[in-house]
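These protein sequence lines are chains C and P, in that order.
Just so you know, we're using our numbering here: the first sequence kicks off at 31 and counts up by one.
Just so you know, we're using our numbering here: the second sequence kicks off at 31 and counts up by one.
Nothing false has been slipped in among the hints.
Repeated chains share a single entry, so a pair holds when one copy, or any two copies, can fit it.
Calculated pairs, EDC-like style, for lysine to aspartate or glutamate (alpha carbon to alpha carbon, straight line, at most 20 Å): (1) K144 <-> E167; (2) K422 <-> E321; (3) K48 <-> E61; (4) K49 <-> E61; (5) K393 <-> D294; (6) K222 <-> D186.
Derived from the structure by calculation, the hints contain no laboratory data.
2 protein chains.
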Amino acid sequence: MKKKIIYLDYAAATPTDKKVQKAMAPFYSREFANPSSLHQLGQHSRAAVETAREQVASFLSCSADEVVFTSGATEANNIVIQGISFHPNPTANPTSHPGGAKLRTPGVRSAGSKPHIITSMIEHESVLAPVLQLEREGVIEVTYIAVSKEGIVHPDDIEKALGENTALVSIQYANSETGTIQPIAKIGKVIKKYKEENIGSKILFHTDAVQAALYLHCNVAKLGVDLLTLSGHKIYGPKGVGVLYIKKGSRVRPLFFGGGQEQDVRPGTENVACIVGMGEAIAEIRNPKHEIQNIQVRQLRDRLIKIIPQRISGVEVTGSIVERLPNNVHLLINGVEGKDVVFLLDQKGVAVSTGSACSERSKEPSHVLLNMGYGDKEARSAVRITLGKHTKKEEVEKTVKILEKVVEQLRAKK
Amino acid sequence: MKKKIIYLDYAAATPTDKKVQKAMAPFYSREFANPSSLHQLGQHSRAAVETAREQVASFLSCSADEVVFTSGATEANNIVIQGISFHPNPTANPTSHPGGAKLRTPGVRSAGSKPHIITSMIEHESVLAPVLQLEREGVIEVTYIAVSKEGIVHPDDIEKALGENTALVSIQYANSETGTIQPIAKIGKVIKKYKEENIGSKILFHTDAVQAALYLHCNVAKLGVDLLTLSGHKIYGPKGVGVLYIKKGSRVRPLFFGGGQEQDVRPGTENVACIVGMGEAIAEIRNPKHEIQNIQVRQLRDRLIKIIPQRISGVEVTGSIVERLPNNVHLLINGVEGKDVVFLLDQKGVAVSTGSACSERSKEPSHVLLNMGYGDKEARSAVRITLGKHTKKEEVEKTVKILEKVVEQLRAKK
Chain C
31 MKKKIIYLDY AAATPTDKKV QKAMAPFYSR EFANPSSLHQ LGQHSRAAVE TAREQVASFL
91 SCSADEVVFT SGATEANNIV IQGISFHPNP TANPTSHPGG AKLRTPGVRS AGSKPHIITS
151 MIEHESVLAP VLQLEREGVI EVTYIAVSKE GIVHPDDIEK ALGENTALVS IQYANSETGT
211 IQPIAKIGKV IKKYKEENIG SKILFHTDAV QAALYLHCNV AKLGVDLLTL SGHKIYGPKG
271 VGVLYIKKGS RVRPLFFGGG QEQDVRPGTE NVACIVGMGE AIAEIRNPKH EIQNIQVRQL
331 RDRLIKIIPQ RISGVEVTGS IVERLPNNVH LLINGVEGKD VVFLLDQKGV AVSTGSACSE
391 RSKEPSHVLL NMGYGDKEAR SAVRITLGKH TKKEEVEKTV KILEKVVEQL RAKK
Chain P
31 MKKKIIYLDY AAATPTDKKV QKAMAPFYSR EFANPSSLHQ LGQHSRAAVE TAREQVASFL
91 SCSADEVVFT SGATEANNIV IQGISFHPNP TANPTSHPGG AKLRTPGVRS AGSKPHIITS
151 MIEHESVLAP VLQLEREGVI EVTYIAVSKE GIVHPDDIEK ALGENTALVS IQYANSETGT
211 IQPIAKIGKV IKKYKEENIG SKILFHTDAV QAALYLHCNV AKLGVDLLTL SGHKIYGPKG
271 VGVLYIKKGS RVRPLFFGGG QEQDVRPGTE NVACIVGMGE AIAEIRNPKH EIQNIQVRQL
331 RDRLIKIIPQ RISGVEVTGS IVERLPNNVH LLINGVEGKD VVFLLDQKGV AVSTGSACSE
391 RSKEPSHVLL NMGYGDKEAR SAVRITLGKH TKKEEVEKTV KILEKVVEQL RAKK
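Turn these sequences into a full structure, and let the hints guide you.
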């Protein structure tokens, strides 16, 4: 960061930790071999991938063979959503094939009753976009669960939506815009109860834990999830790598087919360096120092939530204050457009955002805010400030002062 | 490479160039922002991605907006194969959707006549596996083109296979095992002629140029291709990144849906560092020094092809000697198993392979060799030696001596 930019957009991307960079470096130089190669150099790469897998498994309290590395969270979420829309077809007759390729996950699009997906109205685009696509292609049925004004999904609403053909429930652990935390463990219990009462039900429960992983426990058994998504660049790891936890026995059709890597769920030569970086970033979360950093982040965030509405009139903090990631400040600023605030703050050296980076270029107002009950104009006045472990008290104080001026300037224009 | 290992497995993975590493480094430290972020830091990342896209476009002689970055060649090949099995359905009625996600590529699996794919029997697993999967799911028809004993596809055979419902022809530029080069430009002409004579035909022509890119021109217009695949780690770039060239006007259904990145063909936060590395690696191919290195590689390779059969009896070089990548030596060694040779060479510090890394762990003999007409036993005796720009004359000489001893040792055991 040249010119001392105050970076407060940690929910969009975190810097890659020095420790992570150091762990990755050998895999761009001497340890460059293909992990599928049988020779010793190949074995070094293989071992590095498997060490990273163990690091992730420890974090999730699962087995290493339940951890699949992907190219990122979008891919992981798509494997989940698209993967369940194919029903396994054990009677399919393998055709002869000139190649040696094996088919480990045969499947056909269900011709009869469509698989039913339950998801919330405020999921990330990487969940909502594939759901919409499949719904439009006519291959799934969908129930979109509404959220409260605080941005929270009620487990009772999930319970009511469960049915015979429900194949998947996908609810995010924490929202990327408002930082609102969903009651995943409670939803997990609701689904477990349903499955106990409805023998034969094969509902899978997925949570996108991309935003949550730095701050909330991700013990998959305690959460009661069958599938869970992580992303490297949201946890001080590299871009281009994600994790999909797949509970033993859960079957999804892969998005790709190829050389059999990652248990055939995600073939293609492993991105060794980024996988190593992911493992190291995950290991850092379990470092006791991390807890202390999170407390500091929360204190700075709490100060922002307290003083911004004191200094600037007409500011509303959206979403639950309690069930909220400790690094998230999400504001509606009356009488201004969020994008104008972001632009002027940026000119003055403060990097924040209007919402999720992935949809920031869209001209539409945030679907998260609209579904929390805010109007179009309110939704367009949103500013997201997300803190990280490198955030300093002085930066926070300075940001408030600059924000005050920027809002004053914008309101004066009207 | 510790302990001075002689690495002769460049077709499996190349070391990442120092220049490439240097170009990537800032994107793991200060330039870490999300390229979708609107602030200046985000714009730096965006600019880096777009510079890399220009570098690739120059190499392919195409427009930058025809270049899509993927997580690798397996993904790129799967986008092609799976993407054409969905026919656009302009009459589909968009459903209402709580999110803001836009659907830019509507499509449904064709219900009537199935799309027809023509491919060769010796393609890489990342082409054959998705083809087999879709064939088994009953959504496509496939013609597998046989190859000559020299491993070459005859354009006449493609011509004969073209039909009304042909949607895609996918033929590799060069084989990963034998290095055999296919007559892509000639096949391109055959397809062009067919389309001129059959108005309305929308056949797309794809080539997997992963192995070829370092050594052969990749001018997409001269090749006559609509789709072309590249991979980072085969061209002294990083793993975890690939390129799919998509000629303007060609439509494929994406594998993923999400935040709209890469023109919606491949959404997900861009792997900025690896994309920058890909651009730099591609730029290096266009460096005049590269031509000289290729000549040196060819000279060393020619020496291996000459002296190995002189020193070791019962050795056959497979595939065309003329239409062959300049770095490839592929041998059948009578009376031994390739994997035993690889193992003993590795113990003596020489890293080679039995074939493609992606299928090296398979217990089946190479489908490439079987389809070239070799028997099971012959196919199991294969050893692939692939050279690179760091290969030295002394390494080549030493390898021949060690190989001689290893083969003698294995044959003595019998």
